[in-house]
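Trainee: Sequence lines, in order, name chains A and B.
Using our numbering, the letters of the first sequence correspond one by one to residues 1 to 250.
Using our numbering, the letters of the second sequence correspond one by one to residues 1 to 54.
Simulated from the structure, these hints should not be mistaken for laboratory data.
Note that the structure is predicted; figures quoted are calculated from it, not measured.
One or more hints might be untrue.
Using C-beta positions, here's what the derived DEER-type ranges look like [to be verified]:
(1) B:37 - A:199: 32 to 42 Å
(2) A:106 - B:4: 51 to 61 Å
(3) A:25 - B:20: 17 to 27 Å
(4) B:38 - A:129: 22 to 32 Å
(5) A:104 - B:38: 30 to 40 Å
(6) B:6 - A:71: 46 to 56 Å
(7) B:7 - A:106: 46 to 56 Å
(8) A:154 - B:25: 31 to 41 Å
(9) B:17 - A:90: 50 to 60 Å
(10) B:6 - A:31: 14 to 24 Å
(11) B:18 - A:17: 40 to 50 Å
Just so it is clear, CB atoms sit at the ideal spot from N, CA and C, and this is done for glycine as well.
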Amino acid sequence: MARDSPAWLPAVCSPGMKTTMKALRWVVGILGEALITLGLLVLLFVSWQLWWTDVTANREQAGTIQALERDFGQPGRSPVAPLARLKKVRLGDAFAIVRIPRFGAGYAKPMLEGTDRDTLISGVGHYPGTAMPGQVGNFAVAGHRTTYGRPFHDIDRLKKGDVIVVETKASYIVYAVDRHVIVTPYQMEVVAPVPQHPGVPPAQAWMTMTACHPKFSARQRFVVFAKLVKSIPRAEGLPASFMAVPARAA
Amino acid sequence: MYGPLWRLLPGPWPVKALLSLILVVGVVAVCFVWLFPAIAPLMPFNGNSVHNGP
Chain A
1 MARDSPAWLP AVCSPGMKTT MKALRWVVGI LGEALITLGL LVLLFVSWQL WWTDVTANRE
61 QAGTIQALER DFGQPGRSPV APLARLKKVR LGDAFAIVRI PRFGAGYAKP MLEGTDRDTL
121 ISGVGHYPGT AMPGQVGNFA VAGHRTTYGR PFHDIDRLKK GDVIVVETKA SYIVYAVDRH
181 VIVTPYQMEV VAPVPQHPGV PPAQAWMTMT ACHPKFSARQ RFVVFAKLVK SIPRAEGLPA
241 SFMAVPARAA
Chain B
1 MYGPLWRLLP GPWPVKALLS LILVVGVVAV CFVWLFPAIA PLMPFNGNSV HNGP
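The following block holds chain A by itself, in its conformation from the complex:
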């Protein structure tokens, strides 16, 4: 028994006290290991959320882009599909590609119908019931600021005049950034047909982008409003000037 006693236990300890100390040591040991395990699991979760969701989502979204590009065909070759057909996109289906030169020359993200959790994991989500790309009204979309491929990670770097290209089977719809606001998650007026003016009948084609703000928080929403510049039929192709990456400097 004596060799089980740790060196710091005084020699005068009674056998009863030694048993108590042993039990205590056992309990503290188990508790310590459990807490360390819990801590490691939390760290593991953070690395999954911040790193692994980007890895899997980027892979999945790149696959969706390839499928969309195949479906859309080469510019000038595909028959022009009427925009009205876009109204019937089912929830969760990808129907367009978003390209934002400010986010990089190769930036392309799939646009899906719906803004629920599962849809936003797969790309940028279109608010159901809002206008479709190029239509008069507000074409409103939401995207992740962080994690799950973070399509709108750099939404705060968009400047007035920056180009957003929404590519559909029928056309390239080009918007230019107008302004941004930071709102609470319940300020639905940002997706109104005339952004921030609910109830007013629309006369122009707007686009609204929403993402969480600040990064890694869901306390607020960073919202960017863009105005329609031009709808270009797919057959004509997209002028390269629209895809020019703007200079980094402000």
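Since the structure of chain A is already known, use the hints to place chain B on it.
Mentor: Relative to the frame of chain A, chain B by itself:
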């Protein structure tokens, strides 16, 4: 907790170490594939859309 687990693993220490590694990889895989995706919706930092009411 980990002491008894180590004693439970068969073989000499290199075999025990290898088995431990396989166990750790298995636990991480279960977390990444099933556990974390299941609890992620409960986390408070994943909202990106505007919506009605809290």
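Trainee: Are the hints correct? Go through all of them and say.
Mentor: Cross-check of the supplied hints:
1. B:37 - A:199: 32 to 42 Å: 40 Å, holds
2. A:106 - B:4: 51 to 61 Å: 53 Å, holds
3. A:25 - B:20: 17 to 27 Å: This hint holds: roughly 24 Å between Cβ atoms.
4. B:38 - A:129: 22 to 32 Å: 30 Å, holds
5. A:104 - B:38: 30 to 40 Å: 33 Å, holds
6. B:6 - A:71: 46 to 56 Å: 55 Å Cβ-Cβ, so the 46 to 56 Å window holds.
7. B:7 - A:106: 46 to 56 Å: Check passed, 54 Å falls within 46 to 56 Å.
8. A:154 - B:25: 31 to 41 Å: This hint holds: roughly 35 Å between Cβ atoms.
9. B:17 - A:90: 50 to 60 Å: 52 Å, holds
10. B:6 - A:31: 14 to 24 Å: 19 Å, holds
11. B:18 - A:17: 40 to 50 Å: 42 Å, holds
In the structure shown, no violation is registered for any of the earlier numbered hints.
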